[in-house]
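Chains as they are written, first to last, in the numbering used here: chain B, 1 to 538; chain Z, 1 to 304; chain W, 1 to 317.
Just so you know, the hints here were simulated from the structure itself, not pulled from any lab data. Ideal Cβ placement from N, Cα and C applies to all residues, glycine included. Certain hints may be false.
[Unchecked claim] So these bits of chain B aren't anywhere near chain W, every CB distance computed over 12 Å:
#1 Met128
#2 Lys151
#3 Ala196
#4 Ala317
#5 Phe357
#6 Asp359
#7 Thr361
#8 Gln362
#9 Pro366
#10 His381
#11 Met384
#12 Ala428
#13 Arg529
[Unchecked claim] Which residues of chain W face chain B? A few of them, derived with a C-beta cut under 8 Å, are:
#14 Pro48
#15 Leu154
#16 Arg185
#17 Met188
#18 Phe189
#19 Ala192
#20 Val194
#21 Met196
#22 Ala198
#23 His200
#24 Arg201
#25 Pro214
#26 Thr215
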Amino acid sequence: MAEALLTVKNLSVDFHTARGTVHAVKDVSWSVGRGETLAILGESGSGKSVSANAVMNLLDTPPARIVSGEILYDGKDLLRVSYEEHRALNGKKIAMIFQDPLGHLNPVYTVGWQIVEMMTAHGRPAAMARARALELIARVGIADPEAAMRKYPHQFSGGQRQRLMIAMALMLKPDILIADEPTTALDVTIQAEVLALLKELQAETGMGLVLITHDLGVVAEIADRVVVMNQGEIVETGSVRDVYHHPQHAYTKKLIGAAPGKGEIKLLEAAPLLLETKALKKSYGGFTALKGASLTLLRGQSLAVVGESGSGKSTLARTLLRLEDADGGEALWKGRDLLRMGARELLGVRREIQMVFQDPTQSLNPRMSVYQLIAEGWDIHRLMPDRAQRRARVAELLDQVGLAPEHAERYPHQFSGGQRQRIAIARALALEPELIICDEAVSALDVSIQAQVIALLDSLRRRLGIAFLFIAHDLGVVRDFADTVIVMQAGEIVERGPTAQIFDAPQHPYTQRLLAANLDPDPDVQASRRASIAAPHA
Amino acid sequence: MTRLIGQRAIASLLSLFGLMVLVFFLSRLTGDPAVLFLPIDATEQMKQEFRALHGLDLPIIEQFWRYLLDLLQLDFGDSLRKARPALQVVLEAYAWTLPLALITMAIVVVAAIVLGSLAAFRVGGFFDRLVSIVSLVGASAPDFWIAIVAIVVFSIGLGWVPTSGVGTPLHWVLPIAVLFIRPFGLVVQVVRGSMLSALSAPYVKTARAKGVKNLPLIFVHTLRNGMLPVITVIGDQAAAMLNGAVIVETIFGFPGVGKLMIDSILQRDFNVVLAAIMVTALAIFLMNILIDIGYSLLDPRIRH
Amino acid sequence: MTDTSLAKSPAPAPRAAPPLLAMLWRDKLAFASAVILLLIVVAALLGPALLGEMANDQNLRGRNFAPFSFARGWQFFLGGDSLGRPMLARLIVAAHSTILIAAGTVAAAALVGAAAGLVAGYMGKTTSQVIMRLADVIMSFPSLLLAVVVLYVLGPSIPNMILVLAITRIPIYLRTTRAEVLEVRERMFVQAAVVMGASHRRIIFRHILPVVAPTLLTIATLDFAFVMLAESSLSFLGIGVQPPDITWGLMVAQGRPYLTTAWWLAFWPGLLIVITALALNLLSGWMRIALDPNQRWRLEARSTAPSGAKPASPTHG
């Protein structure tokens with residue numbers, strides 16, 4: 001371990017909230033040295049960002065209160081220096097980049113102005129700052145830096161914005177760069193590029209890098225050491241390889257065990273045809289979202305549709321559900337064309353096809369109780385008029401998805417994210433559907449909960465013979481759940497086949513790229529992949 | 001931008017025309033000017049002559065047609081009351097209303113931005129309380145009552161300022177002060193709310209991580225974003241003021257367009273009413289264009 | 001990480017009324033406002049029946065009788081007007097028309113505006129465009145002018161006042177409702193209902209309206225104050241309510257000539273307008289938070305936490 005540049009010692013921070021005091025972090029200690037990459041790994045609510053925000057003096061006090069601890073940099077305790085002294089260090093010695101570069105760049109100023117400001121705010125002349133900005137914008141791989149300087153944040157893509165954020169952070173050659181979930185909002189292929197860029201820049205400047213993430217794959221790809229956090233406490237610290245191969249703490253073991261993409265691959269079983277689409281088309285204005293998608297789905301099949309943002313996978317789901325009208329093609333549901341059904345016939349199909357949305361917080365009406373949510377389908381389709389029978393069935397469904405019957409009278413906000421998604425699944429099951437369409441149904445959930453929900457869906461599929469159209473961007477999850485995979489890019493299906501074939505012998509270059517960019521939680525696997533990618537260039 | 005202004009101009013012209021038609025016909029339903037303007041003992045013949053003189057004896061469609069033709073030559077007709085071109089009468093009133101509105105709005109905008117920003121920066125602090133009290137009063141007290149109380153206290157009681165009229169700068173103090181309260185209360189609340197959300201925006205976090213100082217943080221990074229919703233409200237308030245501050249102008253005997261409008265309506269001086277409406281509509285149209293330009297200067301996302 | 005976080009939050013009762021009242025009691029200003037408004041409503045309902053005769057009882061010896069004296073009975077405690085009628089009794093009676101006009105206006109405008117807003121927000125683009133352009137026309141029409149014209153044509157009666165004022169207030173409800181509906185209908189739970197096969201009626205009344213209603217109620221409270229001020233302005237200018245009907249606005253106008261000799265004639269009715277509007281404003285502010293599930297904790301927590309407000313300033317040094 002290199003000599004520590006920045007050390008956080010025994011830091012405890014409380015948050016005063018309406019529901020009482022929350023211990024956001026308890027007795028947290030870590031350090032990072034020159035040229036080193038430290039990952040802080042944790043799920044939502046683990047307090048993984050709190051210590052970094054304390055380093056940058058970004059905690060709002062109140063509601064936050066720093067109870068104890070010290071943050072040592074250059075012989076000083078950053079918790080005890082004056083506001084002005086701390087400000088002078090921010091950006092100059094310790095810089096930070098964030099998850100959502102669109103939100104974190106000021107929308108009303110040009111990118112150039114904002115990058116230059118990093119230096120002018122610390123008293124450097126504007127001309128010098130401009131020259132440095134041009135140099136760095138070119139360095140992070142943005143074409144035509146002169147023109148880029150004059151543009152506004154909304155005129156760049158997500159990946160470009162994060163590159164510009166990195167350029168801004170490096171203006172004053174900081175000793176330490178803190179990156180808070182820097183690639184979480186990006187597509188996998190872009191994520192791989194940004195991580196590679198960070199690594200190159202670290203090698204050039206020798207800065208220490210603190211990377212806050214929830215993704216084991218990102219840790220495996222980029223970090224030297226890792227700090228694992230759970231509920232405000234550090235449960236494990238060590239080199240990435242040690243922690244992955246020999247986890248000590250039960251939580252770490254569970255986290256690594258839950259990482260998707262390790263299970264047995266499922267095989268497609270013969271079954272009658274349920275849904276067949278032919279040349280499905282949809283465009284918005286001049287933009288063609290779906291350029292003729294054809295697929296077949298069998299009873300009890302789990303078909304995954306994989307693609308990055310803008311690939312048309314969600315449009316596919318929305319047209320099948322008649323949330324959007326398709327421009328052309330047909331979708332035969334048990335032989336009848338879904339897209340041309342009248343209201344009456346469609347109502348019947350709406351009972352047979354259900355949907356589970358990405359974010360259960362938003363897909364459950366906050367003013368309805370769990371009972372009302374689950375029973376609404378019966379109201380709509382005039383089923384089960386008997387209340388006692390309904391109560392019994394709701395209890396049964398809650399039990400089926402792993403919740404307790406007494407939860408029926410509660411409201412969505414009283415549940416955790418994973419539990420809410422179980423409610424949404426129970427709602428879908430209430431109408432005994434033959435097909436459930438999942439649009440990124442697990443991607444908003446923490447990894448450990450993701451695994452549970454996937455297991456639940458799979459058991460439902462096997463027991464009840466429900467078919468799934470599973471739309472996702474996370475290849476690990478898809479590998480665990482699907483028996484067949486369709487890969488989409490820019491509105492077109494570029495490859496399709498059994499899961500094993502797609503993962504082991506991808507044919508289309510895009511599928512290959514997607515798989516290569518997908519990060520494996522095993523640091524050794526990642527290292528050998530990097531070697532094999534680097535080798536052909538050498 | 002030019003296209004936007006063009007579209008707006010067409011829309012405004014259409015609704016102005018509709019407004020004019022409505023006012024023209026409705027106002028002629030409200031009574032006969034001949035009865036109002038001639039002495040009580042005027043004979044029927046005198047009334048007939050009066051109507052013929054002002055074209056009021058023609059069928060109403062004919063009157064409207066003539067009015068439109070005159071309008072195309074920018075002739076708004078004569079004022080019955082003052083026997084002068086209606087447009088001239090209106091513009092004279094505007095010479096009073098415009099400075100009153102401009103001065104008041106300028107004070108409102110500056111005070112609201114400064115006090116609203118300070119209130120947002122320290123929630124619950126002195127400025128925050130001051131701002132919430134003033135806006136509460138502005139939203140709760142009828143302006144005619146404030147005006148009356150102000151006259152009783154400051155003019156009659158203390159004798160600091162004149163009760164009404166327009167002779168000296170001192171005459172302007174009470175009208176501006178009374179006119180100030182309500183728009184200030186509204187605008188400052190919007191400034192405060194919008195600055196509050198802008199201050200908690202992610203880009204402010206970035207700026208703090210960059211080591212930007214507090215003053216540029218508020219007035220460079222945040223204010224420009226926070227101003228976007230504020231501009232709309234300022235526009236609405238300015239438009240209301242261009243319509244004339246009827247109550248304040250009436251109470252303080254201020255010869256502005258609001259007072260002119262109400263007097264003309266009460267005395268059936270149709271040409272003046274119509275001219276006033278059209279001049280006001282033009283003023284509001286121009287101001288809306290200024291607002292649009294301001295908007296696109298502030299927010300590049302609108303420009304692209 | 002485990003799915004047992006339910007224990008953390010004991011289920012708040014789904015019934016809304018009792019906790020709301022308790023929350024109102026906790027906010028003293030809002031509570032006082034509610035009590036004042038209740039008193040005014042009672043006065044408005046019972047005033048004319050109980051005191052109508054007394055309020056019109058002219059007594060030349062009580063002309064401009066000075067306030068704060070019980071010499072002529074309690075009804076003269078706030079003084080007598082220019083015809084010797086007791087101010088206090090007149091104020092209570094005037095509450096009737098004042099509140100009636102404001103309540104009628106708000107109810108009519110809210111009903112029509114919300115219905116049109118729902119349609120404009122939920123239906124296709126063409127219907128929406130037509131409704132919105134109509135609202136624009138109403139907004140661009142100087143409301144004073146509209147009032148004068150309509151009141152002259154139809155006569156200045158209380159129903160006509162309500163009609164005029166309601167027309168000018170409709171766009172407020174229309175725009176708010178439409179904006180909210182446009183936002184709510186895109187929410188996932190509405191889409192989930194569509195996917196389940198819910199009818200338009202069900203989506204509007206079961207999923208959209210309950211989300212929009214609290215906002216409308218808050219605006220209506222605020223608007224009540226605004227309408228009251230507008231009515232009093234019209235009455236003050238002499239184009240609103242006509243004697244023998246009285247409202248507080250008209251009373252201010254009638255008292256204006258006596259400003260120098262009998263200030264109380266114009267002062268008391270004005271003060272009542274201010275107090276009522278103030279109470280409405282405070283109550284509306286409280287409702288905005290109390291009826292919003294995302295903000296409600298601020299009020300629920302007020303007894304435990306020092307302050308719910310989160311300062312955005314960097315104070316740590």
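Outside-interface status for B/Arg529 - nearest CB in chain W farther than 12 Å: holds, 29 Å
At a threshold of 8 Å, is the proposed contact between W/Val194 and chain B supported by beta-carbon distances? holds, 6 Å
Reported absence of B/Ala428 from the contact zone with chain W (all CB gaps over 12 Å): violated, 9 Å
Would you say B/Met128 is clear of chain W, with no C-beta pair closer than or equal to 12 Å? Its Cβ never comes within 12 Å of chain W, the nearest being 28 Å, so this holds.
Less than 8 Å between beta-carbons is the criterion; does W/Thr215 satisfy it with respect to chain B? violated, 14 Å
Regarding the assertion that B/His381 does not contact chain W, is the least Cβ-Cβ distance greater than 12 Å? violated, 7 Å
Mind verifying the non-interface call on B/Asp359? Its CB should be farther than 12 Å from each CB in chain W. violated, 6 Å
Take the shortest C-beta to C-beta distance between W/Ala198 and chain B; is it under 8 Å? holds, 5 Å
Hey, is B/Phe357 genuinely clear of chain W, shortest beta carbon separation above 12 Å? violated, 5 Å
Is the nearest Cβ of chain W still more than 12 Å from the Cβ of B/Thr361? Per Cβ check, B/Thr361 is inside 12 Å of chain W; nearest 9 Å; violated.
Just to be careful: measuring from the Cβ of W/Pro48 to every Cβ in chain B, is the smallest value less than 8 Å? violated, 41 Å
Taking 8 Å as the limit, does the beta-carbon of W/His200 come near enough to a beta-carbon in chain B? Given a least distance of 11 Å, the restraint on W/His200 is violated.
When the structure is compared with the earlier hints, violations turn up for hints 4, 5, 6, 7, 8, 9, 10, 12, 14, 15, 16, 23, 24, 25, 26 and for no others.
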